[in-house]
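Novice: Listed below, chain by chain, are the residues.
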Amino acid sequence: MAAFLARRLAGALIVLLLVSLMSFALIWLVPGDPASAFLDASATPDQIQRLRTALGLDEPLPLQMAHWYGRILRGDLGESILLQRSVSAALIERLPATLSLAGTALLIATLGGVAAGIVAAVNHDKWADQATMSAALIGLSVPDFWLGLVLILVFAVSLGWLPTGGFVPFGESPLGWLRTIALPALTLGLVQLGFIARISRTAMLEVMRQDYVRTADAKGISKLEIVVRHCLPNAFIPIVTVIGIVAGALLGGAVVIEQVYSIPGVGRLIIGAIAARDFPVMQGGLLFLAVVYLTVNLTVDLIYALVDPRVRLT
Amino acid sequence: MTSASPVRDLGLRLLRNRSFAVGGGLIFAVLLIALTADWLAPFDPLRNAFRMRLQPPGAAHWFGTDHYGRDILSRVMYGTRISLLIGGLVVVVTGALGTVIGAVAGFYSRLDAPIMRLMDATMAFPSIVLAMIVSAVLGASVVNVVVALSIATIPHTARIVRASVLVAREHDYVEAARALGAGDLRILFRHVLINCLGPLIVRLTYVFAIAILAEATLSFVGAGPPPPAPSLGSIIAQGRDFMREAAWITIFPGLTILVCVLGLNLLGDGLRDVLDPRSRS
Numbered sequence: 029m030a031a032f033l034a035r036r037l038a039g040a041l042i043v044l045l046l047v048s049l050m051s052f053a054l055i056w057l058v059p060g061d062p063a064s065a066f067l068d069a070s071a072t073p074d075q076i077q078r079l080r081t082a083l084g085l086d087e088p089l090p091l092q093m094a095h096w097y098g099r100i101l102r103g104d105l106g107e108s109i110l111l112q113r114s115v116s117a118a119l120i121e122r123l124p125a126t127l128s129l130a131g132t133a134l135l136i137a138t139l140g141g142v143a144a145g146i147v148a149a150v151n152h153d154k155w156a157d158q159a160t161m162s163a164a165l166i167g168l169s170v171p172d173f174w175l176g177l178v179l180i181l182v183f184a185v186s187l188g189w190l191p192t193g194g195f196v197p198f199g200e201s202p203l204g205w206l207r208t209i210a211l212p213a214l215t216l217g218l219v220q221l222g223f224i225a226r227i228s229r230t231a232m233l234e235v236m237r238q239d240y241v242r243t244a245d246a247k248g249i250s251k252l253e254i255v256v257r258h259c260l261p262n263a264f265i266p267i268v269t270v271i272g273i274v275a276g277a278l279l280g281g282a283v284v285i286e287q288v289y290s291i292p293g294v295g296r297l298i299i300g301a302i303a304a305r306d307f308p309v310m311q312g313g314l315l316f317l318a319v320v321y322l323t324v325n326l327t328v329d330l331i332y333a334l335v336d337p338r339v340r341l342t
Numbered sequence: 187m188t189s190a191s192p193v194r195d196l197g198l199r200l201l202r203n204r205s206f207a208v209g210g211g212l213i214f215a216v217l218l219i220a221l222t223a224d225w226l227a228p229f230d231p232l233r234n235a236f237r238m239r240l241q242p243p244g245a246a247h248w249f250g251t252d253h254y255g256r257d258i259l260s261r262v263m264y265g266t267r268i269s270l271l272i273g274g275l276v277v278v279v280t281g282a283l284g285t286v287i288g289a290v291a292g293f294y295s296r297l298d299a300p301i302m303r304l305m306d307a308t309m310a311f312p313s314i315v316l317a318m319i320v321s322a323v324l325g326a327s328v329v330n331v332v333v334a335l336s337i338a339t340i341p342h343t344a345r346i347v348r349a350s351v352l353v354a355r356e357h358d359y360v361e362a363a364r365a366l367g368a369g370d371l372r373i374l375f376r377h378v379l380i381n382c383l384g385p386l387i388v389r390l391t392y393v394f395a396i397a398i399l400a401e402a403t404l405s406f407v408g409a410g411p412p413p414p415a416p417s418l419g420s421i422i423a424q425g426r427d428f429m430r431e432a433a434w435i436t437i438f439p440g441l442t443i444l445v446c447v448l449g450l451n452l453l454g455d456g457l458r459d460v461l462d463p464r465s466r467s
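Protein sequences, first through last, are from chains B and E.
Using our numbering, you'd call the opening residue of the first sequence number 29 and step up by one each time.
Using our numbering, you'd call the opening residue of the second sequence number 187 and step up by one each time.
Next up, chain B with everything else stripped away, as it sits in the complex:
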């Protein structure tokens, strides 16, 4: 286990190094001068020069890079040009909203997806299977931001059951939180639910073909018990793997869904930065999301290395 842990951590460190290098390199993709891209055409050469100095663009490249790594190792992602404050602080302040959106969506997607996958697999090739899988495919094909708008139209504008947007922190009012998070989490969760349902169905069908399942069936054990006791635990590994992938998609999806529902999270910060050409926030936000993603996946890997000894050997 220690060897597996060491290998996995070393791999993650290399990827982290590359991820931070790519985030740093982002500013070099800007055609022309990043400082003039942020300021409008009326900016004086003096203003542009001051911003260039503030962004460190006048330093030689190796020095800029050394500064970047020196800063991010201390957890400092620089200063936002637009907000005139620390990028790290702005990101951390908005993280709870994003995490509660992505987390609730993950819960909806996982519970709903695994349940739908089991229903489909148990009723293999019957109408319930086809209906579930058709619904899952439609879920996968819907543009999430558009689904969000449609849900707002139905549940907020027409029926008036829920607010059209905004966010109430859980600590402030749990009921208010639920009312503001319900539609966004449903929007984000439904798309990934389809994906998890498809993988769960395949994993279940694979396990249900195994000899020990046939033996259990021959012993006369009830179908429910076979599914719960014999199939589900063994189908879990591909499902858990998928949850790691889904976590990444949810983080990205949350960025867009926050925009649809006016949730003050990391995503709105990043989209605002894109519109304003606030490069430090774009760089910091991208790196931040990648670090969250890598942490989630490392944790998932470690969990199933603990659960399944075979994983440690590969």
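Please note that the accuracy of each hint is not assured.
One side only, chain E facing chain B, incomplete, derived with CB under 10 angstroms [claimed, not checked]: (1) A299; (2) T308; (3) A322; (4) I398; (5) I443; (6) L452.
Chain B residues, not near chain E, derived (Cβ > 12 angstroms throughout) [as the list claims (entries may be wrong)]: (7) A34; (8) Q77; (9) L85; (10) R99; (11) A143; (12) W155; (13) P191; (14) P197; (15) F198; (16) R242; (17) H258; (18) F264; (19) V268.
Covered by chain B, according to a simulated footprint, are these stretches of chain E (three or more residues, beta-carbon under 8 angstroms) [as the list claims (entries may be wrong)]: (20) 277 to 284; (21) 372 to 378; (22) 403 to 414.
Hints are computed from structural coordinates only; laboratory data are not their basis.
Using N, Cα and C, we set each Cβ at its ideal position, and we do this for glycine too.
Here the structure of chain B is known, so what remains is to put chain E in place on it, guided by the hints.
Specialist: Chain E in isolation, oriented as in the chain B frame:
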């Protein structure tokens, strides 16, 4: 099963696959409408007609009109054309670069680890956010959107090609070809890559679907192809301000994206059932 021609045999199996047939039919219809938009579109998608603003769907305007009186059906037809163009270009770029990167990583063991770590790193960024930022940083244009989306879809594709190459290069016929004096490139193209075609075609069909969804998202947040091109995502973004009184501006372009992506996903599922032997039961 014996058959006179393996190609005809494959064609028959594809046509008998329901997902492939339905998906193919949908995509064919969408493609036809997009390609003939110049003749079929009832109105100029960019022409304002203030007297006709916010008209609900009816005989003259099947999908209604927007706040400038522009015909939504015509705008959706031209928007679909842009979506398909960008999706198609992303498939070409991702197909070419993903194959080369994956093949090199799979074929030359020494380059494998560095290349794949780079792919892992790219995949650590949420792809939609990466595409948004790259497109915005480069400056919104059709070409830059294609570049941004390709950067996000290449790593997974390269990984799939690499996995197939790793399996294919161990076959006896590869060793036989080498014994006969064939060079690396000849072996790679004539013997190894041909065996990766199935998974690659399936993946690229899904890439097409992903690219259309992502392009719409980029346009929705304002990082897509620049106006006045009526992109499906930007029509939805404009409709958002009129959702209460004119929901049709938002509804129809979204349904169109759904039909395109659903068609491609069905096509991909059908191709996977037939081409990817592992999932053939």
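Novice: Does each hint fit the structure? Answer for all of them.
Specialist: Here is how each hint holds up against the structure:
For A299 of chain E, the interface hint holds, since its Cβ comes within 10 angstroms of a Cβ in chain B; the closest pair sits about 9 angstroms apart. With 10 angstroms as the threshold, the beta carbon of T308 of chain E comes within range of chain B, its nearest partner Cβ sitting at about 7 angstroms, so the hint holds. The criterion of a C-beta within 10 angstroms of any C-beta in chain B is met by A322 of chain E, whose closest approach is roughly 4 angstroms, and the hint holds. With a cut of 10 angstroms, the hint placing I398 of chain E at the interface with chain B holds, because the nearest CB-to-CB distance is about 9 angstroms.
A distance limit of 10 angstroms between C-beta atoms decides the matter here; for I443 of chain E the minimum to chain B is near 5 angstroms, and the interface restraint holds. Hint status for L452 of chain E relative to chain B: holds, with the closest Cβ pair at about 7 angstroms, below 10 angstroms. Once the 12 angstroms rule is applied to beta carbons, A34 of chain B is consistent with being away from chain E; the minimum gap is 17 angstroms. Consistency note on Q77 of chain B: stated as away from chain E, and its beta-carbon is indeed over 12 angstroms from all of that chain's, at 22 angstroms minimum.
The non-interface label for L85 of chain B is consistent with chain E: the shortest C-beta to C-beta separation is roughly 15 angstroms, beyond 12 angstroms. Every beta carbon of chain E lies more than 12 angstroms from that of R99 of chain B, the smallest distance being close to 19 angstroms; the non-interface claim holds. Every beta carbon of chain E lies more than 12 angstroms from that of A143 of chain B, the smallest distance being close to 22 angstroms; the non-interface claim holds. Distance to chain E confirms W155 of chain B as a non-interface residue, since its nearest Cβ pair spans about 14 angstroms, more than 12 angstroms.
Every CB of chain E is more than 12 angstroms from the CB of P191 of chain B (nearest about 15 angstroms), matching its label as outside the interface. Look at P197 of chain B: its CB is around 23 angstroms from the nearest CB on chain E, clear of 12 angstroms, so calling it non-interface holds up. With a least beta-carbon separation of about 24 angstroms from chain E, F198 of chain B lies farther than 12 angstroms from that chain, consistent with its non-interface assignment. At roughly 17 angstroms from the closest C-beta of chain E, the C-beta of R242 of chain B stays outside 12 angstroms, upholding its exclusion from the interface.
Remark: the non-interface label on H258 of chain B is consistent with the geometry, its nearest Cβ contact in chain E lying 21 angstroms away (cut-off 12 angstroms). The non-interface label for F264 of chain B is consistent with chain E: the shortest C-beta to C-beta separation is roughly 20 angstroms, beyond 12 angstroms. In this structure V268 of chain B is separated from chain E by more than 12 angstroms, as the shortest Cβ-Cβ distance comes to about 18 angstroms. With a cut-off of 8 angstroms between beta carbons, the stretch 277 to 284 of chain E has 0 residues touching chain B; three or more are needed, and the interface restraint is violated.
Counting residues of the stretch 372 to 378 of chain E whose CB lies closer than 8 angstroms to any CB of chain B gives 0, which falls below the minimum of 3, so the coverage claim is violated. Counting residues of the stretch 403 to 414 of chain E whose CB lies closer than 8 angstroms to any CB of chain B gives 5, so the stated coverage by that chain holds, three being the minimum.
Comparing the model with each numbered hint stated earlier shows that hints 20, 21 do not hold.
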